[in-house]
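Undergrad: Start from the sequences and build out the full structure, keeping to the hints where you can.
Numbering (the UniProt record's numbering), first residue to last: 1 to 120.
I should point out that these hints are in silico values taken from the structure, not numbers from a laboratory.
For clarity, every value in this text was computed on a predicted model and none was experimentally measured.
Accuracy of the hints is not assured; some may be wrong.
Below are the DSSO-like pairs computed for lysine-lysine, each with C-alpha atoms no more than 30 Å apart in a straight line [claimed, not checked]:
#: 1; residue 1: Lys73; residue 2: Lys90
#: 2; residue 1: Lys73; residue 2: Lys53
#: 3; residue 1: Lys35; residue 2: Lys90
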Amino acid sequence: MKASGDMPRSVLTSGGRLQITEFTPETDVGHYACKGVNDAGVSMAGVDITEAKPPVVSILPHGATREVGTSVKFVCSLDNGLNSDIRWTKDDGDNLDADQISSDGSVVMLHNITTRDAGS
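TA: Structure below.
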(Lines of atoms letter the chains of each structure in order from A and count residues from 1; the text may use other names and numbers.)
(Lines give C-alpha, C1' and ligand atoms only; values in the text may rest on other atoms or scores of the structure.)
Protein backbone atom coordinates (compact mmCIF):
# COMPACT_ATOMS: atom_id res chain seq x y z
CA MET A 1 0.00 0.00 0.00
CA LYS A 2 1.13 3.56 -0.61
CA ALA A 3 1.11 5.52 2.63
CA SER A 4 -0.09 8.74 1.01
CA GLY A 5 -2.39 8.77 -2.00
CA ASP A 6 -3.57 6.04 -4.31
CA MET A 7 -1.41 3.27 -5.65
CA PRO A 8 -0.07 4.29 -9.09
CA ARG A 9 -1.44 2.46 -12.13
CA SER A 10 2.08 1.35 -13.04
CA VAL A 11 2.36 -0.76 -9.87
CA LEU A 12 1.67 -4.47 -9.86
CA THR A 13 1.13 -6.35 -6.61
CA SER A 14 1.07 -10.11 -6.38
CA GLY A 15 1.86 -12.50 -3.57
CA GLY A 16 3.41 -9.83 -1.37
CA ARG A 17 5.52 -8.44 -4.21
CA LEU A 18 5.36 -4.84 -5.41
CA GLN A 19 6.66 -3.99 -8.88
CA ILE A 20 6.70 -0.54 -10.49
CA THR A 21 6.59 -1.24 -14.21
CA GLU A 22 6.86 2.32 -15.55
CA PHE A 23 8.34 4.78 -13.06
CA THR A 24 6.68 8.20 -13.12
CA PRO A 25 8.03 10.56 -10.42
CA GLU A 26 4.79 12.55 -10.17
CA THR A 27 2.81 9.49 -9.08
CA ASP A 28 5.32 6.87 -7.92
CA VAL A 29 7.55 8.80 -5.50
CA GLY A 30 6.43 8.26 -1.92
CA HIS A 31 6.39 5.93 1.06
CA TYR A 32 5.24 2.37 0.48
CA ALA A 33 4.37 -0.01 3.30
CA CYS A 34 3.94 -3.75 3.55
CA LYS A 35 1.54 -4.89 6.24
CA GLY A 36 1.46 -8.45 7.53
CA VAL A 37 -1.42 -9.71 9.63
CA ASN A 38 -2.01 -13.07 11.33
CA ASP A 39 -3.62 -14.37 14.53
CA ALA A 40 -0.57 -13.27 16.54
CA GLY A 41 -0.74 -9.65 15.47
CA VAL A 42 0.23 -7.07 12.90
CA SER A 43 3.61 -5.98 11.59
CA MET A 44 4.58 -3.32 9.05
CA ALA A 45 7.70 -2.39 7.14
CA GLY A 46 8.15 0.53 4.78
CA VAL A 47 10.34 1.89 2.05
CA ASP A 48 10.71 5.37 0.56
CA ILE A 49 11.01 5.71 -3.20
CA THR A 50 12.70 8.88 -4.42
CA GLU A 51 13.62 10.15 -7.84
CA ALA A 52 17.25 9.83 -8.85
CA LYS A 53 18.53 12.99 -10.48
CA PRO A 54 21.72 13.68 -12.41
CA PRO A 55 24.59 15.01 -10.32
CA VAL A 56 25.38 18.71 -10.22
CA VAL A 57 29.09 19.06 -10.96
CA SER A 58 31.35 21.89 -9.85
CA ILE A 59 35.11 22.28 -10.30
CA LEU A 60 37.35 24.62 -8.32
CA PRO A 61 39.14 26.65 -9.36
CA HIS A 62 37.01 27.39 -12.43
CA GLY A 63 40.16 27.96 -14.47
CA ALA A 64 43.85 28.47 -13.89
CA THR A 65 46.79 30.16 -15.58
CA ARG A 66 50.14 28.72 -14.58
CA GLU A 67 53.73 28.96 -15.77
CA VAL A 68 55.35 25.99 -17.51
CA GLY A 69 57.01 23.70 -14.97
CA THR A 70 54.62 24.49 -12.11
CA SER A 71 51.70 22.46 -10.76
CA VAL A 72 47.95 22.95 -10.69
CA LYS A 73 45.22 21.21 -8.72
CA PHE A 74 41.51 20.98 -9.57
CA VAL A 75 38.82 19.63 -7.25
CA CYS A 76 35.55 18.23 -8.58
CA SER A 77 32.51 17.89 -6.33
CA LEU A 78 29.15 16.28 -7.02
CA ASP A 79 25.85 17.17 -5.42
CA ASN A 80 22.99 14.69 -5.67
CA GLY A 81 25.30 12.21 -7.37
CA LEU A 82 24.08 8.91 -6.00
CA ASN A 83 26.46 6.21 -7.17
CA SER A 84 28.15 8.68 -9.49
CA ASP A 85 31.58 8.27 -11.03
CA ILE A 86 33.96 11.16 -11.60
CA ARG A 87 35.98 10.93 -14.78
CA TRP A 88 38.50 13.54 -15.82
CA THR A 89 39.15 14.08 -19.53
CA LYS A 90 41.01 16.66 -21.60
CA ASP A 91 39.72 18.60 -24.64
CA ASP A 92 40.27 15.64 -26.96
CA GLY A 93 38.16 13.39 -24.74
CA ASP A 94 41.05 11.19 -23.61
CA ASN A 95 41.08 10.14 -19.97
CA LEU A 96 43.86 11.55 -17.81
CA ASP A 97 46.55 9.25 -16.42
CA ALA A 98 45.54 7.49 -13.21
CA ASP A 99 48.60 8.82 -11.34
CA GLN A 100 47.27 12.37 -11.83
CA ILE A 101 43.94 11.60 -10.12
CA SER A 102 43.15 10.98 -6.45
CA SER A 103 41.87 7.54 -5.42
CA ASP A 104 38.26 8.79 -5.15
CA GLY A 105 38.53 10.68 -8.44
CA SER A 106 37.68 14.07 -6.99
CA VAL A 107 41.11 15.71 -7.37
CA VAL A 108 43.33 16.00 -10.41
CA MET A 109 46.89 17.23 -9.88
CA LEU A 110 49.01 18.20 -12.86
CA HIS A 111 52.72 18.43 -12.02
CA ASN A 112 55.43 20.05 -14.12
CA ILE A 113 52.86 21.33 -16.60
CA THR A 114 53.77 21.96 -20.22
CA THR A 115 52.05 23.77 -23.08
CA ARG A 116 50.39 20.42 -23.94
CA ASP A 117 48.43 20.69 -20.69
CA ALA A 118 46.68 23.86 -21.90
CA GLY A 119 43.01 23.45 -22.73
CA SER A 120 39.59 24.93 -22.37
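Undergrad: What's the verdict on Lys73 and Lys53, does the C-alpha distance respect the 30 Å limit or exceed it?
TA: The given pair, whose Cα atoms are some 28 Å apart, holds under the 30 Å limit.
Undergrad: For a C-alpha distance cap of 30 Å, please report whether Lys35 and Lys90 respect it.
TA: violated (53 Å)
Undergrad: Between the alpha carbons of Lys73 and Lys90, is the straight-line distance 30 Å or under?
TA: holds (14 Å)
In terms of the numbered hints stated before, the structure departs from hint 3 and from no other.
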